[in-house]
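**Q** Chains as they are written, first to last, in UniProt numbering: chain A, 1 to 267; chain B, 1 to 268; chain C, 1 to 357.
You may find that some hints are simply not true.
Estimated spans, in silico, between C-beta atoms of each pair [claimed, not checked]:
id	chain 1	residue 1	chain 2	residue 2	range
1	A	L19	C	P325	48 to 58 Å
2	C	K153	A	F188	33 to 43 Å
3	B	Q53	A	F188	47 to 57 Å
Keeping only pairs whose Cα atoms sit at most 27 Å apart, straight-line, the calculated DSSO-like set for lysine-lysine is [claimed, not checked]:
id	chain 1	residue 1	chain 2	residue 2
4	B	K127	C	K270
5	C	K270	A	K55
6	C	K98	C	K203
In case anyone wonders, no lab produced these hints; they're calculated from the structure. Glycine included, every Cβ here is placed at the ideal spot set by N, Cα and C.
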Amino acid sequence: MENRARKLYLIPYVLWIGLFVVTPILLVVYYSFFDLNGNFTVANYEKLFTPVYIKMILSSFWYAFLITAFCLLIAYPAAYFITKSKYKQLLLLLIILPSWINLLLKAYAFLGIFSTYGAANSFLEAVGIGTRQILFTDFSFVFVAVYIFIPFMLLPIFNALDKLNPTLIDASRDLGASAWITFQKVVFPLTIDGVKSGVQAVFIPALSLFMITRLIAGNRVITLGTAIEQHFLITQDWGMGSAIAVFLIITMVVIMVVTGTRKRGVQ
Amino acid sequence: MKKKSLWPKVYLAFVFIVLYAPIFYLTFYSFNSGGTMNDFEGFTLDWYKELFQDTRLLIIVLNTIIIALLSAAISTIIGVLGALAIVYMKKRAAKNALLSLNNVLIVSPDVIIGASFLILFTIIGIKLGFTSVLLSHVAFSIPIVVIMVLPKLQEMSLSLIDAARDLGASHWDVLSKVILPYISPGIFAGFFLALTYSLDDFAVTFFVTGNGFTTLSVEIYSLARRGISLNINALSTLLFLFTILLVIGYYFITKRNGRTAGAGGGNE
Amino acid sequence: MNKLIRAFVAVFAVAFLLMYTVSKLNESEGKTAGNTLTVFNWGDYIDAELIDQFEKETGIKVIYETFDSNEAMMTKIEQGGTAYDVAVPSEYAIDKMKKANQLLPVDHSKIPNLKFIDERFMNLAFDPGNKYSIPYFWGTVGILYNKDLMKGKEITAWNDLWGPELRNEILLVDGAREVMGMGLNSLHYSLNDTNKQHLIEAKEKLDTLTPNIKAIVGDEIRMLMENDEATIGVVWSGTASELMWKKENLEYVVPEEGSNLWFDNMVIPKTAKNVEAAHKFINFMLDPKIATQNTEYVGYSTPNKKALEYMPKEIVSDERFYPDPEQTERLEVYENLGPNMLAYYNELFLEFKMHKK
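Please construct the entire structure, taking both the sequences and the accompanying hints into account.
**A** Here it is in structure tokens:
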């Protein structure tokens with residue numbers, strides 16, 4: 001009886017995995033072995049290791065790293081303060097809310113805010129720094145990307161912090177530990193799982209950002225996502241696009257293994 | 001008991017200001033009679049009037065909301081079942097394999113998801129339109145629900161479940177009286193993130209829609225070719241106000257329920 | 001648990017209520033089934049009033065959908081699952097679709113208004129005899145610049161863009177053929193050059209332009225140019241004419257080294273369901289009065305010579321947007337270079353984008 005119930009849970013989920021995860025992966029892997037003329041080849045993978053693509057991979061990783069790091073730096077304290085608030089559920093909803101406004105619209109708003117005669121520059125002018133080029137720079141790109149990903153980092157961290165037993169912190173403080181030591185030795189280790197899922201939810205999508213690479217970075221930043229988009233939609237070189245996708249999938253598995261929860265093995 | 005520091009409030013205020021800045025920017029210019037998003041010439045409500053006369057846009061907005069609600073609800077149900085299945089799995093290798101597969105869609109670039117779903121629907125013979133969009137949104141929202149629910153499930157002490165079972169609770173009772181109430185914050189978080197994914201998605205929908213069915217983000221993308229017209233600003237302002245109302249309503253309802261439930265002492 | 005169930009029931013209830021509303025709204029619009037025509041066009045490439053007018057005149061309901069690139073459009077049509085009755089691809093895409101057997105021949109006897117189209121735009125290399133396609137709009141690629149910000153200096157050629165005073169002042173359109181073509185033209189090579197040596201040379205020349213380039217963008221170039229974000233934009237002629245209506249200090253020039261001449265034509269895809277209505281729609285769009293109104297809205301150049309008579313003289317005689325045959329001599333039409341060459345163009349374009357200042 002129990003086992004049957006467990007199998008029942010599995011059915012819809014496994015069906016979904018089969019249809020919408022495994023099949024697409026197989027399709028992508030299949031396509032990655034064909035060139036433009038429909039011949040079987042491994043040339044797409046060889047191309048991944050030419051200087052152009054290696055440069056692209058490295059720069060994608062660098063930007064994804066920056067984006068994830070800033071997200072974490074901003075989201076962790078925010079999540080912490082929210083859990084301490086009386087209105088934590090409301091504040092949490094207010095964090096998610098902006099992401100329901102269409103991304104493209106927000107990107108256009110940022111185009112306006114960061115433009116030469118926009119609000120950000122008026123502010124810089126007013127405080128005496130003077131007009132700078134903000135739009136189409138690394139700064140604007142990382143800023144907007146962090147803006148987009150903050151909720152995805154904040155939610156899992158919030159969940160982890162929220163379940164933290166406050167008596168633990170009090171105990172630590174009572175034992176004379178400073179706030180920093182308490183954070184370092186008690187709070188952070190206990191919420192590390194939340195941080196890990198946050199990092200997963202931000203880092204890998206950040207590798208494959210597109211759209212805002214054009215809108216906000218003016219194509220001055222090229223990520224793997226931009227390349228994939230181009231291969232799928234413009235050159236229609238689905239083979240090369242798929243090869244990059246396979247690379248991303250492998251990267252993802254590696255990251256998952258590295259940040260995976262190993263301690264469960266003890267049970 | 002504790003010193004109340006001002007810093008947390010300042011910090012949170014700063015985060016909220018930045019998060020809402022672009023939205024207020026859009027709202028501000030929705031009242032601009034100048035017609036662009038740079039010079040504010042004068043106050044007008046014309047863009048709102050124009051909006052209410054546009055049935056086509058209204059249909060698109062409603063479609064977008066329908067897809068978001070349905071896909072979030074369906075994916076939450078399947079996702080919760082999936083998370084339970086993963087937790088109940090005995091073999092670690094199988095568990096990890098499922099988890100990795102689960103995360104593939106979160107991390108795959110939208111373009112690939114869109115393109116591969118398009119091929120898939122062509123093979124199965126599903127006509128592009130409402131069904132294909134709904135299926136895709138359900139598909140890419142499930143993993144995020146699983147990710148949101150799983151930590152809650154994992155942290156549940158097994159002894160709690162064992163205790164319930166020792167007391168003679170059936171499998172269903174354990175699920176409905178112990179597990180689901182415990183993980184419900186995760187379920188709601190998953191549902192809201194799924195909503196977010198659905199409302200925000202452009203690339204996947206762009207691929208799998210057709211035959212005249214459009215969602216807001218696809219429509220905005222095609223309108224944006226001319227530089228955005230301000231009735232889109234007006235629209236996002238209205239949508240934003242509407243969601244704010246919903247959220248506040250939801251907040252007060254749960255708050256009231258929370259109090260009565262607390263008083264009733266777990267009779268639910 | 002009960003709370004959960006209640007929440008989910010509420011969500012489904014709201015969703016179904018909304019679905020009911022939508023179906024009611026659709027009914028009130030008259031879009032039920034049967035007599036519909038699905039048009040697949042570039043974004044903002046038609047005066048929406050004309051669609052209403054067409055619906056009123058014929059009783060056919062139009063479902064209108066847009067795409068943002070020839071490739072995206074071809075992908076949708078190729079994969080099936082959709083039934084577009086009319087689409088508007090560019091010349092090289094028509095060639096490709098024709099060869100892939102994705103188009104239905106157009107029955108000229110059902111399009112009497114075809115006689116209004118200028119002979120210059122008929123019977124072109126990509127579709128001899130216009131068997132599969134009927135002209136919609138045409139235009140060029142050129143340089144749009146801000147006269148005030150240029151302080152009186154004129155621009156006449158691609159090579160002017162390399163001037164040191166233009167540091168960080170140029171916006172390029174995000175298209176491999178357009179940007180590579182600009183590099184090739186500046187070296188006096190053909191836009192359709194397939195000599196890899198020439199292409200590499202062009203890419204290296206473009207690399208030296210990087211310090212002057214502010215960004216490589218899509219359609220937002222209109223908004224950016226309108227807001228004086230940059231001095232120069234490399235754009236399609238329609239974008240230019242539309243902006244010049246709004247801002248008098250802008251000037252458009254088709255560079256003397258040569259540039260691209262393009263055509264967008266209406267076609268009927270093989271998956272079309274309502275071929276009869278498709279012909280009616282095409283014929284409707286060729287009506288001189290209709291074409292005039294459409295041209296005035298869209299801003300690109302019309303191939304309809306009768307429509308030109310209805311339009312203001314200063315537009316029609318503007319050689320920047322209606323170059324005469326001698327002037328189009330130095331312009332080239334994109335040829336379908338085949339997938340491998342196109343991939344190579346894109347490869348070089350990608351390398352160029354990654355070239356750091």
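**Q** Does each hint hold? Answer for all of them.
**A** Results for each hint:
no.	hint	verdict
1	L19(A) x P325(C): 48 to 58 Å	57 Å, holds
2	K153(C) x F188(A): 33 to 43 Å	60 Å, violated
3	Q53(B) x F188(A): 47 to 57 Å	55 Å, holds
4	K127(B) x K270(C)	16 Å, holds
5	K270(C) x K55(A)	43 Å, violated
6	K98(C) x K203(C)	31 Å, violated
The structure does not agree with the numbered hints 2, 5 and 6 stated previously, though it agrees with the rest.
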